[in-house]
Amino acid sequence: MLRLGDTDVARIGLGTNRLTNTPEHVAFVREAVTLGVGMIDTAHTYTGGESEETIGAALSPVPEGCLVATKGGYAPGTGRPEVLRTQIDDSLRRLRTDVIDLYYLHRVDPDTPLEESAGTIAECRDAGKIRHAGLSQVGIDQIERARTIVPIAAVQNHYNLTERGWENVVDHCAREGIVFVPYFPLKGIGGRALEDIAQRHGATPAQIHLAWLLRRSPATLPIPGTLSLEHLQENLAALKIELTDAEFDALS
1 MLRLGDTDVA RIGLGTNRLT NTPEHVAFVR EAVTLGVGMI DTAHTYTGGE
51 SEETIGAALS PVPEGCLVAT KGGYAPGTGR PEVLRTQIDD SLRRLRTDVI
101 DLYYLHRVDP DTPLEESAGT IAECRDAGKI RHAGLSQVGI DQIERARTIV
151 PIAAVQNHYN LTERGWENVV DHCAREGIVF VPYFPLKGIG GRALEDIAQR
201 HGATPAQIHL AWLLRRSPAT LPIPGTLSLE HLQENLAALK IELTDAEFDA
251 LS
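For what it's worth, my numbering labels the leading residue of the sequence shown as 1, then goes sequentially.
Worth double-checking, as some hints may not be accurate.
[To be verified] For each label pair, taking beta carbons as the anchor points, the in silico distance ranges come out as:
| no. | residue 1 | residue 2 | range |
| --- | --- | --- | --- |
| 1 | G128 | E167 | 35 to 45 Å |
| 2 | P63 | R93 | 16 to 26 Å |
| 3 | R96 | T34 | 10 to 20 Å |
| 4 | G5 | L35 | 17 to 27 Å |
| 5 | S252 | A127 | 21 to 31 Å |
| 6 | E230 | P110 | 35 to 45 Å |
| 7 | T34 | E82 | 31 to 41 Å |
| 8 | D245 | G191 | 27 to 37 Å |
| 9 | Q199 | P113 | 49 to 59 Å |
| 10 | G128 | A174 | 26 to 36 Å |
| 11 | R200 | P81 | 44 to 54 Å |
| 12 | P81 | G48 | 17 to 27 Å |
Rather than coming from a laboratory, the hints here were simulated on the basis of the structure.
All residues carry an ideal CB built from backbone N, CA and C; glycine is no exception.
Start from the sequences and build out the full structure, keeping to the hints where you can.
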């Protein structure tokens with residue numbers, strides 16, 4: 001389990017960038033939470049808003065022990081306060097909630113000072129629309145600038161075994177008590193060492209990849225995306241895999 005704000009959540013979440021508002025996907029989201037998913041991750045842009053709508057239909061209210069995270073301000077110009085406020089209200093309506101558990105600034109807007117975007121999120125947090133604030137695809141300097149405006153509970157960056165450009169951010173988050181959420185955690189998996197270790201554990205390469213991310217830092221909470229209950233159960237089973245020091249080093 002991992003502490004995010006005031007909630008203990010399981011350390012494997014669910015990415016939903018392909019989720020559409022169908023009865024089958026509504027049922028899938030409900031089953032995901034029943035199986036033990038700790039965080040459902042979505043965004044204002046995902047599937048034209050259907051991802052948020054599907055989660056709202058499935059999880060209103062959100063069950064205890066699960067957090068729903070969404071993001072806004074992805075495209076240039078959308079980090080402006082007036083646009084971000086509108087997107088936050090859109091997300092609240094689609095998710096059928098009065099408060100968003102975790103709200104990320106999806107990208108730092110090249111046309112808007114970070115402090116202005118963070119200030120908008122802080123205003124919405126003070127107004128009770130957002131419980132916790134986060135940032136996506138940011139460096140340490142940006143994290144620290146935003147923290148002067150609003151407490152940052154989580155950072156979501158592209159990170160996995162083959163995409164290692166944010167090593168310093170992973171370690172910074174662990175030191176500062178910020179949850180680090182690797183997105184695309186399974187992209188580009190492969191290699192002989194991974195296959196050999198998977199075989200020894202009677203696991204899939206994807207499970208070993210997730211186990212490596214969980215071992216990499218006590219602050220990590222990967223969010224592999226899937227629309228398959230079988231794959232979801234496989235991902236969650238990675239929580240039980242403990243890599244040896246030698247195995248971790250071989251993969252690293």
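(request) Kindly indicate which numbered hints from before are broken by the structure, ordering the numbers from low to high. (result) 5, 8
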